[in-house]
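Q: In case you want the letters, here they are:
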Amino acid sequence: MTTPVIELRNVTRRYDDGPPALHDTTLSIAPGEAVAILGPSGSGKSTLLNLIAGLDRPSSGTVTVDGVRVDRLNEAGSARYRRDTIGMVFQFFNLLDDLTVVDNVVLPARLSGTASGAAHRRAHQLLDALGVARHAAAYPGRLSGGERQRVAVARALINKPTLLLADEPTGALDTASGDDVKRLLNELHADGQTIVLVTHDLTLAESCATRTIRLVDGRVVADVTRDVAAGRTR
Amino acid sequence: MSATGRVVRSGVARRRVQTVVIGLATMIAVTASVLGGSLVVASSAPFDRAFAAQHGAHLTAQFDGAETTAERLSATARVAGVTAVAGPFSTVSGTPRDAAVDRELAPMTLVGRTASSGTIDELLLSQGRWVTGPGQIVVSADYPIGPSPLGTVLRFADLPGQPALTVVGVARSVTRTADAWVSPSDVAALTAPGATRGYQMLYRFADASTAAQLDRGRAAVTAVVGTEALAGTQSWLTVKEADERTTALFLPFLVAFGALGMVMSVLVVGNVVAGAVGTATRRIGILKAIGFTPAQVVRAYVAQALIPAAVGIAGGVVAGNLLAIPVLADADQLYDTSTAGVAWWVDAVVVGGAFGMVTLTAWAASLRAGRLRTVDAIAVGRTPRPGRGRSAARLTARLPLPRPMTLGLARPFARPARAAAMLAAVVFGTATVTFAVGVASSLNRVQIAKDHAAADVVIETLGPPRGPNPVPDVPRPLSADETTRITSAITASPGTEKYYSVATTEVAVAGTAGSARLYAFTGDASWGGYEMVSGRWITKPGEAAVATNFLTATRTRIGDTVVLADHGKAVPVRIVGEVFHPTNDMLVFTDAATFAATKPTLIAASFHIRLAGGADVTGYVTALNDALTPSGFTAQPGQSGGSSETIVLLNALAALLTLMLVAVAGMGVLNMVVLDTRERVGELGIHKALGMTPRQTVAMVVASVVVTGLAGGAVGAVAGVAMHRVVVPAMGHGAGITLPPAITDVYQPAGLLLLGLGGPLIAVVGALLPAGWAARTRTAVALRTE
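Respectively, the protein sequence lines represent chains E and S. Counting in numbering that gives the first Met the number 0, the first sequence runs from 0 upward without gaps. Counting in numbering that gives the first Met the number 0, the second sequence runs from 0 upward without gaps.
Note that these hints are calculated values from the structure, not bench results. Possibly wrong hints are sitting among the right ones.
Examples of chain E residues lying across from chain S (beta carbon under 10 Å, computed) [what the hints assert, rightly or not]:
id: 1; residue: ARG56
id: 2; residue: GLU74
id: 3; residue: SER77
id: 4; residue: ARG82
id: 5; residue: GLY86
id: 6; residue: PHE89
id: 7; residue: ASN93
id: 8; residue: VAL105
id: 9; residue: ARG154
id: 10; residue: ALA221
id: 11; residue: VAL223
Beta-carbon label-pair distances, calculated as ranges [as the list claims (entries may be wrong)]:
id: 12; chain 1: S; residue 1: ARG15; chain 2: E; residue 2: ALA117; range: 57 to 63 Å
id: 13; chain 1: S; residue 1: ALA347; chain 2: E; residue 2: ALA117; range: 40 to 46 Å
id: 14; chain 1: S; residue 1: GLY355; chain 2: E; residue 2: ALA75; range: 24 to 30 Å
id: 15; chain 1: S; residue 1: PRO415; chain 2: E; residue 2: SER59; range: 31 to 37 Å
id: 16; chain 1: E; residue 1: ASP222; chain 2: S; residue 2: ARG694; range: 54 to 60 Å
id: 17; chain 1: S; residue 1: ALA347; chain 2: E; residue 2: ARG56; range: 42 to 48 Å
id: 18; chain 1: S; residue 1: ALA12; chain 2: E; residue 2: SER40; range: 35 to 41 Å
id: 19; chain 1: E; residue 1: SER59; chain 2: S; residue 2: ALA729; range: 25 to 31 Å
id: 20; chain 1: S; residue 1: LEU756; chain 2: E; residue 2: ALA175; range: 53 to 59 Å
id: 21; chain 1: S; residue 1: ARG15; chain 2: E; residue 2: SER40; range: 57 to 63 Å
Under 8 Å between C-beta atoms, here's a sample of chain E residues computed to sit facing chain S [claimed, not checked]:
id: 22; residue: GLY60
id: 23; residue: LEU72
id: 24; residue: ALA78
id: 25; residue: VAL220
Yeah, the Cβ is synthetic: ideal placement off N, Cα and C, and Gly gets one too.
Input sequences plus hints: build the corresponding full structure.
A: Given below as structure tokens:
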């Protein structure tokens, strides 16, 4: 049996006095899986993603990613974890608008200690592969939403992360740009990239994910794996 | 370049407004601090500093050349307790005339010295150069010859051959050892036939901190040369006392201005930096999301603040040192000192303090932002906390104002922390203006009170001045006819509202040694600028107002009766008030009629006239002088309409510091609004998409600062008044002066209202630039901007 890359055990996240955003959740994700987390607003999707990304900590339970107990990391440790283990794509891109496109992409690599030349070469390769190389010297403010999301994906991939996390990656995009991002995620998955994406978009989940986890009120209500080769679900 | 370096570089280069604001704010604050610090240093024991720097003489002794010799005087250097001597220098006295205008000048004591330097009494040249040969003279900065004496030819008309000397320099002696210095060979030429030349010796003693110690030193010297040879001495303690009496009045104000500059600078720069870093929370969240550690975030943001601050600090030190040159020169003139420039350690402390302040505030603000949960930090600016400001929004929506304005008015309540930072900037600015206006106003009143210069027109009946320190108030004897002619001319002149005359004389005070100086008034002088510390002004004969020192010396209080003795006759007077007087001597102010029996012929020293409202002072003086021509007296405009050079200097200084600090406060607001507007650009896009015009956008952005401006103005004005109420009397007290309420109660309701409105003015001016930027932003761009 393959060691899961992500393992959550009895994870609960509670904010203030309200009901838990995530309730006693246990799940594991294997390497190479492309998992879509689905659910209505307030179901706990983003909370789950933030916990995996080390952006937030569980109120109880454990979060282990690539053998690292993320819930135990201090601030500096979780920063190193984010830069070395995961790549993140946000709905609203979260690019630094005072850095050029290439500088945005290069930043995590330089934080990881990659030499400038190597980081830039990798960044240009990624930008080229994602079709935004011509914008390398531009600032994000001049790019369309789809282009910005491609840059965000390039930035997420610069350190060849074990895990790619995407929070509503097509949520702020038009249909054409959304389709581009879907194709991109499929290509990455085909290359063996483990992907966890949070989305409202069923078509995105169907086209990109081999497994869908449905959350309602902070609980997993469905966990379906699609056998792509056989065209079956189980 | 490292990742942190790249983030720092982009942050500095691309956040131009923020970078410029931090740089400029720091520069202005450092300039103000260097100026303020220099003033505080210059105002710290100015006489003692000058005395130490110029190796002042503890004792200046004048010897009669007929009774001693230069050799015997030189021998006094070996007297026990004497640590250093200078001299003997030949001296002579004379009364020169300004050859160009044939005007008699004050008598002067001339000393023959070959050099301005020496082990004692190092003379500092403030103008020109030292004498290089006969026919040249360097005058003391205290000698009354006018502001530009260089080149003036002084002719000694009483001497054979009428020798003439050309002024080649102006020098300052800390212990006032002479009125002028000449080549030793000129002293002989200036000595009248048959007269004996004198000698001057300057001494420093091992112990000279008390009058008793100086008496012992003088006695030891006299024992060597003989009592008959000693013509006179001057103690450094006497000079110090006179010097400090003059400067004490202004010292608190200069220190207050200096401290104001420094304290406000610290507060404003701290606020600007904290605001700049605090508004970068979302960017910090993104940096953390991609792997920046909290330490890297802190380093990046401290560096981002320090780079523009370093440029600002460098510029501020240069500007501060340049501006300090004229300011310190004026302070030197005021204190009678010589300051080489800004002390190196003032620069060092200001630079260190500024770096420390910027680092500390940037560190604290970025640490706070760095510690925020990353998800919360990223959400800042995109998703305001739910519920925040809703009540205010509902409330403002009901106001009968255009909707863009009501939207703007509710804005501070949605972002209370940012509004608080902006409020702080406005409070600092308004408090500074209020305090500075108050101090300047107090200072003007002090000047009026000091000179009792409330009259519009004055007629002096004094004779010409005599001596370098003329005996004050020596009236030219007025006959009864002359007095009548003057009063008739005043009464007959159209425009005269009221007038009084004042005569002065000495009276004894029963129960105390020495005498008191009596000011006897004819007519109502209550409007004459005699400010009361307590009690009231005299209203009838038999009443007296006195200076504080009089009450202390006689151990009396207001309401007590004290007996003044004049020509053996006792004149009881009841003390009704304590008069503010900077010299704080034994002074008694009473009605001339009180002494009608003992001094029926008190001679008026001056007449003081108040003109009816709207009367032209110049025209009045011209007309009155025409009427006075036969009597030989001259009326002059009073000082109430003008200000002394010192007051002009201090007012200019107050205006400069105020402008600088208000500019910094305005930049703080600008910084906040720029960052807020940038963060809200998406929201602005929505408003514009819904039909908000550029003008309405400007109105909304400007309205968003009005509430903060009003609150800041109100708080700042109150804080400024409170500061003034505490600081000015305390500093006056520290200088040994009790300031009367008329000098400390300077704020009027209307003026305070105007000062309070300075708050919204600062806020609106600071918001105009970003408001224009918001209005010009294209809707499509705004809608898709992150």
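Q: Please go over all the hints and tell whether each is borne out by the structure.
A: Verification of the supplied hints:
1. ARG56: Check passed: Cβ of E/ARG56 comes within 9 Å of chain S, closer than 10 Å.
2. GLU74: With a closest approach of 5 Å, the E/GLU74 hint holds.
3. SER77: Holds, because the Cβ-Cβ distance from E/SER77 to chain S comes to roughly 8 Å (cut-off 10 Å).
4. ARG82: With a minimum Cβ separation of about 3 Å from chain S (threshold 10 Å), the hint on E/ARG82 holds.
5. GLY86: Status holds, d = 9 Å.
6. PHE89: 8 Å, holds
7. ASN93: Status holds, d = 5 Å.
8. VAL105: This interface hint holds because 8 Å falls under the 10 Å limit.
9. ARG154: 7 Å, holds
10. ALA221: 26 Å, violated
11. VAL223: 28 Å, violated
12. S/ARG15 / E/ALA117: 57 to 63 Å: 32 Å, violated
13. S/ALA347 / E/ALA117: 40 to 46 Å: 45 Å, holds
14. S/GLY355 / E/ALA75: 24 to 30 Å: 26 Å, holds
15. S/PRO415 / E/SER59: 31 to 37 Å: 33 Å, holds
16. E/ASP222 / S/ARG694: 54 to 60 Å: Between E/ASP222 and S/ARG694, where Cβ atoms are some 56 Å apart, the hint holds.
17. S/ALA347 / E/ARG56: 42 to 48 Å: Given range 42 to 48 Å: holds, Cβ gap about 46 Å.
18. S/ALA12 / E/SER40: 35 to 41 Å: Holds, at about 39 Å.
19. E/SER59 / S/ALA729: 25 to 31 Å: Since the Cβ atoms of E/SER59 and S/ALA729 sit about 59 Å apart, the hinted range of 25 to 31 Å is violated.
20. S/LEU756 / E/ALA175: 53 to 59 Å: 55 Å, holds
21. S/ARG15 / E/SER40: 57 to 63 Å: 39 Å, violated
22. GLY60: Where the cut-off is 8 Å and the nearest Cβ of chain S is about 18 Å from E/GLY60, the hint is violated.
23. LEU72: 11 Å, violated
24. ALA78: Constraint on E/ALA78 satisfied, holds at 4 Å.
25. VAL220: Violated: closest Cβ of chain S sits about 24 Å from E/VAL220, beyond 8 Å.
Violated hints, listed in ascending order, are 10, 11, 12, 19, 21, 22, 23, 25; each of the other numbered hints is respected by the structure.
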